[in-house]
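Peer 1: Sequences listed follow chains A and B, in order.
The first sequence begins at -1 in our numbering and counts up one residue at a time.
The second sequence begins at 34 in our numbering and counts up one residue at a time.
Treat the hints loosely; a few may be bogus.
[Claimed, not checked] Distance ranges between label pairs, derived from CB positions:
id	chain 1	residue 1	chain 2	residue 2	range
1	A	S58	B	K636	58 to 68 Å
2	A	R66	B	E624	54 to 64 Å
3	B	E290	A	R66	31 to 41 Å
4	B	I504	A	S69	19 to 29 Å
5	A	S58	B	T317	12 to 22 Å
6	A	D111	B	R802	28 to 38 Å
7	B	S293	A	R66	24 to 34 Å
8	A	N28	B	D738	50 to 60 Å
[Said to hold, decoys possible] Calculated pairs, DSBU-like style, for lysine-lysine (alpha carbon to alpha carbon, straight line, at most 30 Å):
id	chain 1	residue 1	chain 2	residue 2
9	B	K178	B	K278
10	B	K1009	B	K987
11	B	K474	A	K187
12	B	K912	B	K982
13	B	K467	A	K190
14	A	K168	B	K774
15	B	K716	B	K555
16	B	K390	B	K474
17	A	K187	B	K467
18	B	K210	B	K178
19	B	K392	B	K442
20	B	K289	B	K250
21	B	K885	B	K467
22	B	K555	B	K507
23	B	K474	A	K190
24	A	K24	B	K885
25	B	K982	B	K938
26	B	K912	B	K987
27	B	K1024	B	K1009
28	B	K234	B	K555
29	B	K474	A	K24
Note that these hints are calculated values from the structure, not bench results.
Here the structure is a predicted model, which means the values were calculated and not measured.
Glycine is no exception: its CB is placed at the ideal position from the N, C-alpha and C atoms.
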Amino acid sequence: MNSKEERGRITFSLADALRLGYDNVKRRFNRAVLSIAAITLGIAFFSTLSLMDNFFQLYSQAEGGSLRVESYQYGLVLVSLAVCIVSITNSMLIAVYERYREIGTMKCLGALDQHVLKLFLVESVILAFLGGILGFGIGLVASILACGFSIGFYVVFELSPAVPLVLLGKVVLLSIFLSTVATMYPAYKAAKLDPVEALRYEI
Amino acid sequence: MHKRRPFFLLSVLLALSLIPSLYYVLGDEDITVIGVVKESRTGNPVPNARVLVLMGPWGSYSRMVYHGRADSNGSFTIRLQAGSDYTICVYYDDPLTPGFDYVPSMKRIQAKPGGELNLTFELYDGASLFLDGEILLVETTKSPKPLFSVINPESGEVVKYDGYALKFGELLEFPNKYLELSPDLIIVPAGVPFLIKVDSKVEVKGQERAAWYQGNKTILLSFFIDKPGHFLLEKGEAIHVDLTKFSVRNGLSAVKERASEVGLIIKEREKEGFYVAVEMQRLTRINSLILEAENLFDQGAYESSFARLREAYTEIMNLKDWLNRMYVEALKSVFLLAPFLAFTAISASSLYFEEEKLKICAAIAFYAFFLLATYYLYPGSRMLDSSLFINASLISFIIISGLFVLLPKFLKGREFRGRVPLRNIIVPIFSIAKRNLRRRKLRSVLTLISVVILVSSFISLTSFTTGYGLILSKVSEHPGPSLGIMVRTLKSPVMEARAPVSGGKGVFWFTPLENSSIEWLKARPYVRLVAPKYENTPHRQYEYRGSYNPLGYVEGHPIFGIIGIVPSAEAEILSLNETIVEGRYLRDEDENSVLISEKLKEKLNLTVGENLTLQISGKRLTLEVVGVFDDRGFENLRDLDGGSPLPMKIVEVRRTPVEEGFDIITEGLTPCSTSETLVTPWKTASKIPEMHLSRIDVLLEEGEDLKEHARIIALNKGFRVWASTEEGVYLARLASYFEGKGLPVAIPWLIVVLNVVITMLNSLYERRREILIYSSIGINPSQIASVFLAEAGVIGIIGGGIGYLLGFGWYRAFSLMAASIQVRQKISALWTLAAMAVSLAAVLVGGLTALKGSVIITPSLKRRWKIDTRAYKIAEPFKLTLPIWIAEEELEEFMEFVLEALRSKMDDYEEHTYVIREGREEREDASIRTIEFFYASGGQMSPIHTRNKFILRKERKKNVYEVILVSDGLPEAAQKTGSFVRRILLEWNVKRGKLGGSR
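Excised from the complex, chain A in its bound form:
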């Protein structure tokens, strides 16, 4: 652990947290892929519907009528995101259980609760960021294909580029928010671990 001692205080920088978080993602790559896939699916669904709604509005303005994404579909988006939160929480809890000894060692070396908390949150932000970007990409392609084949590709080209860019920002923030909320409890649990108990723990 790259921590620095400054006048008897242990510091744990964001860069350290990012590096450690990245290492953890790499080390447990398979599970990280599954977690990212869950976030990607939820975000892709949300992005698809949001973009399709924009395309439909453009189409309705041009051709008349009132084509909209049906309300129940947004219900399903909410469900997907809820399931996604549960899935991330579960995954992070598993990560905490797996790393009991590691957390114990860190704490024995002087890591504070907030350092552990930061480490898990950063890891979840990395997963969320990747999932958000991927999900948006898939959603963009899916919405273009779905709208193109149903109402015509010309609508796609009429959409202002600002709309998908703003949406990209929104979905990345949303996925980070969801992931952070989902990781709160596991991270808190990890942070509050008694180092003695943690070192005694055997898988």
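Fit chain B to the given chain A structure using the hints.
Peer 2: Showing chain B alone in chain A's frame:
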């Protein structure tokens, strides 16, 4: 004189033979009717009135025996044969007035022999009412056979004169054909108010009443032709009324009435606790259709108005049917829901508690909670009598509890060679699974939550609807040869039929259109050109049951298709004339002319202008070849539906022998080739047997909306209508449809699967020691896997049950929040099975994926192994412990199996064994069996060789042999040998499993 004698005798005989006839005519068997025709109002005689006598009562089946006129004094005398009943009708129309001047007077007489009968006919003032247009009934697309009755508005009774009711139509008092009157004419009384009642008996297609209803039903539909203050006409006046207008007006009020009826039912259902957002939305759509219909009616666009009404009507019928079924389903489903909830409650209590008493108490508590939730959330439970609901719940609980107690006792089988059958360990497996779930409570709860959310969303956010109505779909991206519409009534696609079913002669793949359809289309104001096409029913091109049966022959050459066309119309629509390469194109006035293809011309060696003889169904027709068309050009022609205009023939697709001499033949339809097809003018085609009106192409006036007219025709007449527009070809038809919403539920489903995979993979990793312990006590990999699957299954079952209830909670929440989520409520309790399926599928797919991905326990991944190359030392063999134990009683069989497997590879090129030796050694502490063998692989290109010893060793205290492979060779060679031996062991495991299973 002598010469004239025979002639004289013949005359006498003839005269004598006529005597009886004269007696019959002039004698007492006749009756003389003397009639006087008077005007009822003045009493003045009506000169030259027409007199009509029918034998029997008035009607279509009566025989007309006299038709004449009264004299200038209004008198007439007729002689009728006695012994029969007659109906005498007297009527008069002054040709100078536009309408009928008198209502016909009728009298029925019984002609008794002898004497005279004096009759006075009083003619009442009359007028004419002409009925224009057609009757359009929202209930059906079929043309009705109407009965028109003249009604007295005060009494509401049918107006009668001389006991005869003023009713017009077939088989009735005034069939216009006897009076030589127009069928559209109704003779009505003058100077008195009246209205017309129209009664129609129509056959309504089952599906138009309810999507699931297959049969047809005949119903009587009535409406009035009326106006404010009723009709009041002067003598001899004639007016025209538009039947279409009055029938549509009637349809409008009928549909409005039904819509409000359905609105009341929806409100009732809402009060009962059903979630009716979709139903409300459909009612809104119905009301907007009615509003549109009203506007169009006011503008005089009756047909368009009617099309909207038809659409609204089919929607209403679907909706009404669903609302009624909703109620019944909800009532029935309570009896299925109770056991389902009992099962969920007992499963949940069994998961959380170990002690029996606690389990029972918790099960009761859970069940009570579930029942309360059901009572609050599920409308059917409140509609049911409460004592019945409680009794059903109690009985369900007792039965399901009994099953939970008794079932484990039956799950016991006999052991085989020390191996425990799977069913013996079902109960322990679930017990272990439960404990594991409890041990990892938080993770289990989180997985359960995700499953519950998934199932509840499946229940509340997906929707499946069936119905019957207008479907407009794009069938081709490319427009047809012209912009227009095509009408035909295809049977449901008979693209494949089994030979015994399709019968001997041929199949209709279209329902012939009636010729009246042509007139109907021509009468539409928006239609510019109508082009009917005739074609034959398809014939088999192959020999069927020993007979070859084409449509006909031309000079011995088989013909399978004939098309009858209106030449000028087809030239405009299909550009058929452009395919002519020799001679000329057909003319509308042509008769007995024919176009043939170039190929047929060559085959028959005919020239233009020559005659050919068409033999068809025993008839011979001589046709003159006026032109020859290009085969390729004709084949490339496309009709307005985007398909080929060539008639169809039946071909053999597949022949499956069933028994000797009997094959099942799968047939298909394909367009006839041009060399088997003749093209004739429609007049010629109508003389040929088996030719039917199959399709009508229609070109519309410029600027008309093709899709809209396709919709109108499909709705009004029930045809399938193709609209060839610039954007492509659309098909409008009335048909059953299925609408599914909520396919994206697959996304949360996938996320749940991923969640289960993560949890399970971790669980497998965490519990690797536990797995090793299971293995060491003889539990095989599939049994270990089943522990994990049981864990997933328990979560799936409980999640499915709770998710289903929560789904109903969502409906309630939507209602309370007045949220309009456009999903149809899943009323039927059968959805519980679907909920279970969704939840179990998610957890089991996740579980199996995790198990497959793991190398810890999965038997099929036994092959995925690696030797530890760090243990490699030159001149020292690898010692590999193999993952199998062999029971004492299995030993001989196992040895034999392995030896045989090794020997079977002795002649193999890729992978072969040699010098196989069996050995045995008995030591103090152990019993040892060995097989020594050499193994080679890789062919000549990259050969590897190992010297191996396969050792089975049993400690004296134990009763199982452990298996070791000692392989001498390079690491890659030892790895390959190890894999080879593991494969043999896997095969043995499979064989052993089968043996165990057979007991």
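Peer 1: Each hint needs a verdict: does it hold in this structure or not?
Peer 2: Hints and how they fare:
The hint said 58 to 68 Å for the Cβ distance between S58 (chain A) and K636 (chain B), and at roughly 59 Å that hint holds. For the hinted restraint 54 to 64 Å between R66 (chain A) and E624 (chain B), the CB-CB distance of approximately 60 Å keeps it satisfied. For the hinted restraint 31 to 41 Å between E290 (chain B) and R66 (chain A), the CB-CB distance of approximately 32 Å keeps it satisfied. Remark: the range hint 19 to 29 Å for I504 (chain B) to S69 (chain A) is upheld by a beta-carbon distance near 24 Å.
Our hint of 12 to 22 Å for S58 (chain A) and T317 (chain B) holds, since their Cβ atoms are close to 19 Å apart. Against the hinted window of 28 to 38 Å, the Cβ-Cβ separation of D111 (chain A) and R802 (chain B) comes to about 31 Å, which satisfies the hint. Range check, S293 (chain B) to R66 (chain A): Cβ separation about 29 Å, and the 24 to 34 Å hint holds. Range check, N28 (chain A) to D738 (chain B): Cβ separation about 59 Å, and the 50 to 60 Å hint holds.
The suggested pairing of K178 (chain B) with K278 (chain B) holds, with an alpha-carbon distance near 17 Å, which does not exceed 30 Å. Distance hint between K1009 (chain B) and K987 (chain B) is fulfilled; the C-alpha atoms sit about 26 Å from each other, no more than 30 Å. Restraint check for K474 (chain B) and K187 (chain A): the C-alpha separation of about 15 Å stays at or below 30 Å, so the hint holds. Between the alpha carbons of K912 (chain B) and K982 (chain B) the distance comes to roughly 10 Å, so the proposed pair stays at or under 30 Å and holds.
Restraint check for K467 (chain B) and K190 (chain A): satisfied, since their Cα atoms lie roughly 29 Å apart, inside the 30 Å limit. With a C-alpha separation of about 27 Å, the suggested pairing of K168 (chain A) with K774 (chain B) holds against the 30 Å cut-off. The suggested pairing of K716 (chain B) with K555 (chain B) holds, with an alpha-carbon distance near 18 Å, which does not exceed 30 Å. As the CA atoms of K390 (chain B) and K474 (chain B) are separated by approximately 22 Å, the hinted pair is consistent with the 30 Å bound.
Among the hinted pairs, K187 (chain A) with K467 (chain B) is consistent with the structure: their alpha-carbon atoms are about 25 Å apart, no more than 30 Å. Restraint check for K210 (chain B) and K178 (chain B): satisfied, since their Cα atoms lie roughly 15 Å apart, inside the 30 Å limit. At roughly 18 Å between alpha-carbon atoms, K392 (chain B) and K442 (chain B) fall within 30 Å of each other, so this suggested pair holds. A distance of roughly 23 Å separates the Cα atoms of K289 (chain B) and K250 (chain B); the hinted pair therefore holds under the 30 Å criterion.
For the given pair, K885 (chain B) sits about 22 Å from K467 (chain B) by alpha-carbon distance, which is consistent with the 30 Å threshold. Among the hinted pairs, K555 (chain B) with K507 (chain B) is consistent with the structure: their alpha-carbon atoms are about 26 Å apart, no more than 30 Å. At roughly 19 Å between alpha-carbon atoms, K474 (chain B) and K190 (chain A) fall within 30 Å of each other, so this suggested pair holds. A hinted pair counts as satisfied when its Cα atoms are at most 30 Å apart, and K24 (chain A) with K885 (chain B) qualifies at roughly 22 Å.
With a CA separation close to 16 Å, the supplied pair K982 (chain B) and K938 (chain B) stays within the 30 Å bound. Among the hinted pairs, K912 (chain B) with K987 (chain B) is consistent with the structure: their alpha-carbon atoms are about 17 Å apart, no more than 30 Å. For the hint pairing K1024 (chain B) with K1009 (chain B), the CA-to-CA distance comes to about 23 Å; that is within 30 Å, so the pair holds. Of the supplied pair hints, the one linking K234 (chain B) and K555 (chain B) holds, its CA atoms being roughly 26 Å apart against a limit of 30 Å.
For the hint pairing K474 (chain B) with K24 (chain A), the CA-to-CA distance comes to about 28 Å; that is within 30 Å, so the pair holds.
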